[in-house]
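Here are the chains, one letter per residue:
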Amino acid sequence: MKRGNRLPDGGLIDRERQINFTFNGRSFTGLAGDSVASALLANDRMLIGRSFKYHRPRGIMSAGYEEPGALVEFEAGSASGNEIPALLPLREGMRVKSVNCWPSPEFDLGGVNQLLAPLLPAGFYYKTFMRPDWALFEPWVRRAAGLAAVPRAAPEEGAYETRNLNCDILVVGAGAAGLTAASIGAASGLRIVIADMDRQPGGALLGCEAWIEELPGTDWVRKTAAELKAADNVRLLRNTLVWACREQNLLMARQNPERSGERERNWRLRARQLIIATGAVERMMVFPGNDRPGVMLASSVRNYVHRYAVRPGRRALIFTCNDTANEAVPALTNAGIEIAAIVDTRPEPQSVPTSGIRHIHGAAITRTSGRKRVRGALIRHANGRMEQIECDLVALSGGWNPSLQLWSQARQPITYNHRTSMFVPVAKAAAIRCAGAADGCIGLAAALRSGAMAGAAAIKACGCRASAAIPECSPQTRYNAGPWWHDEAPGRAQNAFVDVMNDVTLADIHLALREGYRSIEHVKRYTTAGMGLDQGRTGNVNIVGAIAEATAADMETIGVTTFRSPVAPVSFGSIQGTREGSVLLPYRHTPLTEWNVSRGAVMYEAGARWRRPGYFPQSGESMHQAVNREAGAVRNSVGVYDGSPLGTFAVKGRDAARLLDMLYTNRFSDLPLHQGRYGIMLTDDGLILDDGVSFRLGECEFLMSTSTANAARVYRHVQKFLHLERPDWQVWMTDLTCQWMNATICGPAAREIVAALGTDIDLGRGKFPFMTIREGMVAGLPARISRVSFTGELSFEINVRARDLCQLWERVIDAGKAYGITPIGSETNHVLRVEKGFLSLGHEVDGTTDPYDLGMGWIMSKKKSDFLGKRSVSLRRRRGVPRRELVGLATADPAQVIPEGAPLTPGGRREKSEGVVTASVWSECCGRSVSLALLQDGRARHGETVHIRTPEEVMEARVTGSCAWDPQGTRMRS
Amino acid sequence: MIFEFSTVPRFTLLDIKGDIRAAERFAAAFGLTLPATTNSRASAGDSEIYHIGDSHWILRAPPQAEDQLPSICGPESPPDLLVQPVSDTWAIYRLSGTDKDGVLSVCTSLDINALPENAATFTEILGEKALIISRPEGYEFLFENSYSAFMEDHFSRISNHMPTRQD
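For the record, the sequence lines run as chains Z and G.
The opening position of the first sequence corresponds to residue 1 in the numbering used here, with each subsequent residue numbered one higher.
The opening position of the second sequence corresponds to residue 975 in the numbering used here, with each subsequent residue numbered one higher.
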């Protein structure tokens, strides 16, 4: 029968409330106030899972987010990926299981990896599994890798959310230092937010006995927290782990609310001043077998005893190199844990030895024994004598590492303090400061003083006055660290773990050094040390120490690696918040969406988040059939489409014409009133950015159009030019894309349709020629009509206010019935423009082409002294490098449509491509497929047969001109 | 969560860019003076004007003011002022209720507590550009009409659970 480890009294738990949970399918009970880790320990579950690579037994080693040994995951509907059991509040009905073992942690088939350990050192995958082909081994190596499984579905219960919160002072950590800083801040009246990962404030005070202002530590915490709660200007976020620090004091925090219906919340916190009071993490000690279940951090053992009334073992061996481990002795002995000995690596006692406890100085543990739980340890005395000590608990204290992840993410400097053997922050004149143990202040008095100073400094930085009242506390043990990085015993380094989570041993570090990796960043990546979920919090400094000893380098010179966010696992769900389902991405609609959907249109995004109809299938039609029908209607009678999403801008000012002359490659300043001109806009690199038609509406006023997808980009491009290059120009630009929306009627019968709508605009060929604009009334609505054509047919783009579009559309459909008017979608527009050889963004305009490539040298003004991109085009062309040029392709099999994006290669051979198919469609009006391509020296190769290579076959096609329909443009100018 | 998110009927909206003196004269025709500070509004009767950028204002007037637009936005409009009707560009919504600040904390990173009473400022709401106007009863948002369906969809999903101050 398993023994229970719950102490009969004490602890910050509610013994009246029992909580039921399962672990690996077995039922257990815990108490309200337990974490999953404490509940497992209370039930004497020392073996929690198996390690990453070697599948070695793993147990709980710590009481916080630095946990290097034990991970769990939730079962079934609550599956969540890796979870740190010490951070999980125990809840009724929790179903928890081990990770990385099968069928159980007690008997794990993966344990065979321990026999293969000599073949699996650091970087083994660069050396093994290479022949005959890595691809043969990759599937099962990938299957073996990883820890917890990725959840297959969203959680059954609870919602995710992201929230924003602004404050004057953000305190991260509600331990002694953080609470002190927050209290001082509260008195100032500034907006204070204090965030702590635990469900209760107090930090290390929850796990130890201390006195502050004549109160037990936990009572002082309770009192201080109550005062903060009562203050209107203070907000306390519990269960909130700050996982990232971004620029300008933007921090991300993950909160696990205790309210039902909420799963996880991500806070985006912005603070004028940031105080990092995240404490320090106790260091592991490195010796063979230091990963065995039952090996724990000394402060964590104390924490479990004091906070959770759990006794993790019966007979403990304390192994230390500093005095703080002594603070654990009273708690352990009061809990009935026999202290077998305190093994101290320092040769001389630094403080008064605890009476009645055996102290062994100048000694070290050389290895532990036991299989799935520690049973004893072998000690090497200062004189070389070896002694085996029986124990079921080894409590380690290798020193302290200030938790500087957020400090490091904020790009603040860190230095090594030789006196304390810690990497500590270097204060800079920034809106960020550390406090307490995070600032290297080990000990309660130092933490309280540090918190008070940090709070006062932050208040002063906010422009307010503050007094730093420092709470009095009980005397604390001095730190007195004597650094000890690892055992010197030869031949056993392969079982001496420097990174317990990632199974990285001291031997791996030495291997990396032998293979020439000197930088700590390279050692990290080669060995994966510090790359686990715990980010190596308990072992990174040991690695630096090992490198320092092996290479005779200085700790400061070696330094630490850059800490990355997140500092602990955070779900994608909380980052995503409410953005899921239909609002995963933004979407935009024109007023016609409802009409389109009611007519069965297939809708999808067609640039800049606009949802547009792709085509309007009638009953039983395939897409191909629908598009053919729609295209035929436009070529033979009349079609109508919603062209509203095209970018539309009003441009006005004394320098409006100069602006357009500068933006476009051709001239606009000589444009007559109410006339339009097609223009191409280049980037600074002389490549095509966008195209569109601009009309002159007045002496200093133009109406500019852009492509749908590029509207915002063009606006930014123009604003950047005006603000940076021509701030003295008097010209302004307003986006009218959503103000004026249009129904574009296109086809031979277009003029009749517009006339049938009723208009005061003279539609006669001579009165309203191609590329002009008119204003007036259409169908009783104020309108602007422009004669432009994207389809190559006679077209009237009728622009009305957005509120009038539906009415106009209905009138157009009604007026067009006699002519068989057909609504058309984006797919049909694509076919029609390919037939005409008109360029399109994302196809022929792919970011690599200039107007000359597309046969549009005529649009490059020879008279303008300058325009954006002119010089770049000239420089590029001067090099004389062959260019890919726009051509048409007529496939040998006229029915064959080429996959868009297919490469053209010499002879169809598997060689470097000489071009790419940019568009290919079936053309009903041409009775064959029509394709466009960018082909090297294309214009000189008309009539030549070229080859298109696809995975299935090689196609032949003849190079032609790019326009397959009405090359003279007669129809659209009619 | 107690909040109300409702549409506001269309107003006459004019986007004004250009010379400040020309803008002053234009606003005076509506009985308005330009706001003294950026990201703020000035009111006169049923009309308001928002200073929302460098040489950039939005004027809001009752719907019937649109009848005047052809004369003030046509060819006779001042050459140093670009005045464009944008009544259809912007959709207007109102947020009120006891939990309005909590709702806003989900939608935007704007520091609500720092908003003055006469605030009119562009910000980002649910990832999209929006003009937020503080009112005694809550807030008004103006965002591009094309995003209306998306915004309404998103607001309907916002959590019904409001965190307490200490949670």
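Just so you know, these hints were derived from the structure itself, not from any lab.
In this text, a Cβ means the ideal position worked out from N, Cα and C, and glycines have one as well.
Mixed in with the good hints there might be a few duds.
Far from chain G, by Cβ distances over 12 Å, these chain Z residues were calculated [what the hints assert, rightly or not]: (1) 147; (2) 159; (3) 165; (4) 213; (5) 346; (6) 413; (7) 586; (8) 952.
To give a feel for the contact side, a few chain G residues facing chain Z, derived at Cβ under 8 Å [stated by the list, open to error]: (9) 985; (10) 989; (11) 999; (12) 1038; (13) 1041; (14) 1059; (15) 1066; (16) 1119.
DEER-style ranges, computed between Cβ atoms [what the hints assert, rightly or not]: (17) G:1103 with Z:765: 30 to 38 Å; (18) Z:472 with G:981: 55 to 63 Å; (19) G:995 with Z:974: 33 to 41 Å; (20) Z:585 with G:1109: 51 to 59 Å.
How the hints compare with the structure:
1. 147: 30 Å, holds
2. 159: 6 Å, violated
3. 165: 6 Å, violated
4. 213: Answer for residue 213 of chain Z: holds, closest chain G Cβ roughly 22 Å.
5. 346: 44 Å, holds
6. 413: 28 Å, holds
7. 586: Contrary to the label, residue 586 of chain Z does not stay out of reach of chain G, its closest Cβ about 5 Å off (not over 12 Å).
8. 952: The claim holds: residue 952 of chain Z sits with its nearest Cβ about 40 Å from chain G, beyond 12 Å.
9. 985: Since chain Z brings no Cβ nearer than about 13 Å to residue 985 of chain G, farther than 8 Å, the hint is violated.
10. 989: At 5 Å from the nearest chain Z Cβ, residue 989 of chain G passes the 8 Å test, so the hint holds.
11. 999: Violated - the Cβ of residue 999 of chain G stays beyond 8 Å from chain Z, reaching only about 16 Å at its closest.
12. 1038: 15 Å, violated
13. 1041: Status violated, d = 12 Å.
14. 1059: Check passed: Cβ of residue 1059 of chain G comes within 7 Å of chain Z, closer than 8 Å.
15. 1066: 13 Å, violated
16. 1119: Cβ of residue 1119 of chain G sits 5 Å from chain Z, so the hint holds.
17. G:1103 with Z:765: 30 to 38 Å: 43 Å, violated
18. Z:472 with G:981: 55 to 63 Å: Given about 60 Å between the Cβ atoms, the range holds.
19. G:995 with Z:974: 33 to 41 Å: At roughly 48 Å between Cβ atoms, residue 974 of chain Z and residue 995 of chain G fall outside 33 to 41 Å, so the hint is violated.
20. Z:585 with G:1109: 51 to 59 Å: With Cβ atoms ~31 Å apart, the hint is violated.
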